[in-house]
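For the record, the sequence lines run as chains V and D. Per the working numbering, the very first residue in the first sequence carries number 1; after that it's consecutive. Per the working numbering, the very first residue in the second sequence carries number 1; after that it's consecutive.
Misleading hints may appear alongside valid ones.
So the derived label-pair ranges between C-beta atoms look like this [to be verified]:
{"#": "1", "chain 1": "V", "residue 1": "Thr229", "chain 2": "D", "residue 2": "Thr186", "range": "50 to 58 Å"}
{"#": "2", "chain 1": "V", "residue 1": "Glu225", "chain 2": "D", "residue 2": "Pro412", "range": "50 to 58 Å"}
{"#": "3", "chain 1": "D", "residue 1": "Gln354", "chain 2": "V", "residue 2": "Leu173", "range": "57 to 65 Å"}
{"#": "4", "chain 1": "V", "residue 1": "Lys253", "chain 2": "D", "residue 2": "Val317", "range": "52 to 60 Å"}
{"#": "5", "chain 1": "V", "residue 1": "Thr16", "chain 2": "D", "residue 2": "Asn349", "range": "54 to 62 Å"}
{"#": "6", "chain 1": "V", "residue 1": "Ala207", "chain 2": "D", "residue 2": "Thr109", "range": "35 to 43 Å"}
{"#": "7", "chain 1": "D", "residue 1": "Ala362", "chain 2": "V", "residue 2": "Thr16", "range": "32 to 40 Å"}
{"#": "8", "chain 1": "D", "residue 1": "Cys375", "chain 2": "V", "residue 2": "Gly21", "range": "50 to 58 Å"}
{"#": "9", "chain 1": "V", "residue 1": "Lys243", "chain 2": "D", "residue 2": "Trp44", "range": "42 to 50 Å"}
{"#": "10", "chain 1": "D", "residue 1": "Ser406", "chain 2": "V", "residue 2": "Leu34", "range": "29 to 37 Å"}
{"#": "11", "chain 1": "V", "residue 1": "Glu54", "chain 2": "D", "residue 2": "Ile6", "range": "33 to 41 Å"}
{"#": "12", "chain 1": "D", "residue 1": "Leu32", "chain 2": "V", "residue 2": "Ala207", "range": "36 to 44 Å"}
Hints in this document: simulated from the structure, not taken from any laboratory. Each residue gets a CB set at the ideal place from its N, CA and C atoms; glycine is no exception.
Take a look at the letters that make up each chain.
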Amino acid sequence: MKDYLILILKFLLFATIFYVGILFLSGWLLPDFLRPNLLFQSSGVGYSYKRMVEAESYGHTDIVFLGSSRAYRGFDTRIFAEAGYRTFNLGTSNQTPVQSYYLLKKYIPGLKPKIVIFEVNPDIFSNDGVESSIDIISNTDPDIGLLKMSLEVKNIKAVNGLIFSACRKFFRLSLLDFDYKNKNHKYIQGGYVESLDRTYRKNEGNAYYCNIMDKQLQYLDRIAEMMKTEGITMIFVQAPVTKKLYTSCSENKRFDTIISSKGCQYYNFNEWINLTDSIHFADGQHLNQKGVELFNKAVINLCLNTTH
Amino acid sequence: MYFNSIDFAVFLPVVFLLYWFVWQKNLQKQNLFIVLVSYIFYGWWDSRFLVLLVVSSMIDFFASQAIFRTTDVRKRRLWFILSIASNLGILGFFKYFNFFADNFASAFTFMGFEFTQRTLEIVLPVGISFYTFQTMSYTIDVYRRKLEPTHDVIAFMAYVSFFPQLVAGPIERAKHLLPQFYTPRTFNYQLAVNGTKQILWGFFKKMVIADNCAILADTFFNNHNAYPGSYLLLGAFFFAFQIYGDFSGYSDIAIGTARLFGFDIMKNFAYPYFSRDIAEFWRRWHISLSTWFRDYVYIPMGGNQGTTPAKLKNIIVVFVISGFWHGANWTFVCWGLLNALLFIPLLLNKSNRQHLDVVAKAKIWPTFMEAMQMCFTFMLVMLLWVFFRADSMHTAFCIIGKIFSSSIFQFPYLPKEGTVALTLLLITFFIAVEWSGREHAYAIEYAAKDRPVWIRWTFYALIVSMTGMYMQTGGSPFIYFQF
Chain V
1 MKDYLILILK FLLFATIFYV GILFLSGWLL PDFLRPNLLF QSSGVGYSYK
51 RMVEAESYGH TDIVFLGSSR AYRGFDTRIF AEAGYRTFNL GTSNQTPVQS
101 YYLLKKYIPG LKPKIVIFEV NPDIFSNDGV ESSIDIISNT DPDIGLLKMS
151 LEVKNIKAVN GLIFSACRKF FRLSLLDFDY KNKNHKYIQG GYVESLDRTY
201 RKNEGNAYYC NIMDKQLQYL DRIAEMMKTE GITMIFVQAP VTKKLYTSCS
251 ENKRFDTIIS SKGCQYYNFN EWINLTDSIH FADGQHLNQK GVELFNKAVI
301 NLCLNTTH
Chain D
1 MYFNSIDFAV FLPVVFLLYW FVWQKNLQKQ NLFIVLVSYI FYGWWDSRFL
51 VLLVVSSMID FFASQAIFRT TDVRKRRLWF ILSIASNLGI LGFFKYFNFF
101 ADNFASAFTF MGFEFTQRTL EIVLPVGISF YTFQTMSYTI DVYRRKLEPT
151 HDVIAFMAYV SFFPQLVAGP IERAKHLLPQ FYTPRTFNYQ LAVNGTKQIL
201 WGFFKKMVIA DNCAILADTF FNNHNAYPGS YLLLGAFFFA FQIYGDFSGY
251 SDIAIGTARL FGFDIMKNFA YPYFSRDIAE FWRRWHISLS TWFRDYVYIP
301 MGGNQGTTPA KLKNIIVVFV ISGFWHGANW TFVCWGLLNA LLFIPLLLNK
351 SNRQHLDVVA KAKIWPTFME AMQMCFTFML VMLLWVFFRA DSMHTAFCII
401 GKIFSSSIFQ FPYLPKEGTV ALTLLLITFF IAVEWSGREH AYAIEYAAKD
451 RPVWIRWTFY ALIVSMTGMY MQTGGSPFIY FQF
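Just chain V, with the same shape it has in the complex (with noise of 0.2 Å):
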């Protein structure tokens, strides 16, 4: 018996070490569709490494702003400047509540907000986070918040995401481009995402999908009681979405039943503004700069005049 325990430990020690070697070189070598587990997303969907970079050395700020494309493409930084706030936006591609939980723990000693404003939506809530954690780990050094996030989302491609991250750091290689960039997109300083397409993509995102997971739930008590314990005024908001996409979830009403019971203030946009498909939106879920303005405009007045 004995020796089956040591031969297995050896074994176990040796197939990990393999394991980290395949991972690695496969995330070199290997195009995508042969390395299905290990997506790697250099700079990130929506920039998020060259956010995540900056968020570094910003500085402190009034307002920092949580939640996934809806969040990066719909609070822009400079029209809050105007108003006098100094913001960021730490929004990231599919981001649920896990992975708002590990960036707010790392970057809130830094950014020091006084206010946090969390787009929610039921999409997001039904979502597993899988996408947005690969995003965050491809674009942040690996620490022990990220391998509680790996773990949190018990999805091996998580996991290889972060294995590969740390082998990265390890050897000082970069597989990273900066200065990424993408003609419909532009990225402000301060997180903020703009749509340069002017064009309307009435057939993209007109669809939720709706099952709100409990995961998510208790990660949003967490993320509540974090921002109360360090002063932090939360409030929830949900960004104006096309009709035809809001009607197309079932579960609106119990949604805002239960953000409405967290304790802190909520905002559904979807029902205090009225905005044109065509005129105010990039695609389904997406506003374009004109709405954005318009939404922004609302939250400023609503949530912030309200709150101070």
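Using the hints provided, position chain D relative to the given structure of chain V.
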């Protein structure tokens, strides 16, 4: 609890260590421990169904004792019928009630009668067909005086509920497994190492081969109306590997796990896709079920003795029942019947036992003829899997109809071409390993056996790495759990 879950990854080592370090000195307590952990394993899905497991075990335990004690033929038969009827009653209610209710309603409506249909919301207990057949084999063997009933209720409950094979087999015979609960088990290093390797290979089959194939098979079959025959044929190909990887993977994990605990469980698969005819396929596919039907249905009916019509009847009946065992749907009945129709020519031709040995034994490559025979048999089996996979007869015929239409010549423009290419590469690797290990109990049993230890370890580590690199993380359940 699924084998491919984090729960099981914790459960197995904990149970293993407690089993060997805490309970080894007392056989009775060790058996009781097996019962306890097996019930935890089963109750992880739905603890309500543990009652069924206990009831099923107790009925057979006491009925078999009564059968053995009495010399009165009538009483023996009465106890026997009571036991079998109880088992089949439970199985029939949970698995087939709605099927019969639906079909009676359809039949009455068809004949012009008004019929108010009642169906119940019945949840199918996981693995009910497996443990029911296992307990039935015990009672039948006692009734036939081939086995003395046990007086050790704990050993019997452990035999029925032994967690590695409880929910999807192999369906063990009491004569083989039960005595293993009577004798003290000592840890066998070689057996445990072998078991570990078999578990590793089982996980690869399930999580890499089956789960990747499942995505593609589902893509094509779930939207069969949108795809031409060539795509659907590809779907059938992927499903053939999905079901083989899924079920034989489960069996490997089950057998390997049992070995870790010092038990020997019967083989369930013997490289069925390397069969040269359909008879050989059925000697190599789901062996524990095929031999169960052979011993308890086919041979008692007369087997291959008697007149030609009698032989044909026996074959058809056993295949149809076997199909129906898989699920309460006409598609399974049809699948069984079609297999019988493919088997019958071999039986009539007396060539059904032509290929008893492993193909191309002690050779690297098969002959051209053997290769053609294997390809042809695989094609037949693959087409029949369409009935197994389809949710209705209409769907099955639609798919088969498209496969045999001119659209079969339409070159597939693949919706997930990267995934298709990767899955085909994985299948190629899988076939190569299975082919090289086809003379052994499982493919990697003696992989790289004459090589230095670091080469062997590298090979095993490669399988671990491929599992991590290519597994699907959805945690999909095993197909055969639904049976």
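Status of the hints after comparison with the structure:
no.: 1; hint: V:Thr229 - D:Thr186: 50 to 58 Å; in the structure: holds, 56 Å
no.: 2; hint: V:Glu225 - D:Pro412: 50 to 58 Å; in the structure: holds, 53 Å
no.: 3; hint: D:Gln354 - V:Leu173: 57 to 65 Å; in the structure: holds, 60 Å
no.: 4; hint: V:Lys253 - D:Val317: 52 to 60 Å; in the structure: holds, 57 Å
no.: 5; hint: V:Thr16 - D:Asn349: 54 to 62 Å; in the structure: holds, 55 Å
no.: 6; hint: V:Ala207 - D:Thr109: 35 to 43 Å; in the structure: holds, 38 Å
no.: 7; hint: D:Ala362 - V:Thr16: 32 to 40 Å; in the structure: holds, 37 Å
no.: 8; hint: D:Cys375 - V:Gly21: 50 to 58 Å; in the structure: violated, 38 Å
no.: 9; hint: V:Lys243 - D:Trp44: 42 to 50 Å; in the structure: holds, 44 Å
no.: 10; hint: D:Ser406 - V:Leu34: 29 to 37 Å; in the structure: holds, 35 Å
no.: 11; hint: V:Glu54 - D:Ile6: 33 to 41 Å; in the structure: holds, 37 Å
no.: 12; hint: D:Leu32 - V:Ala207: 36 to 44 Å; in the structure: violated, 54 Å
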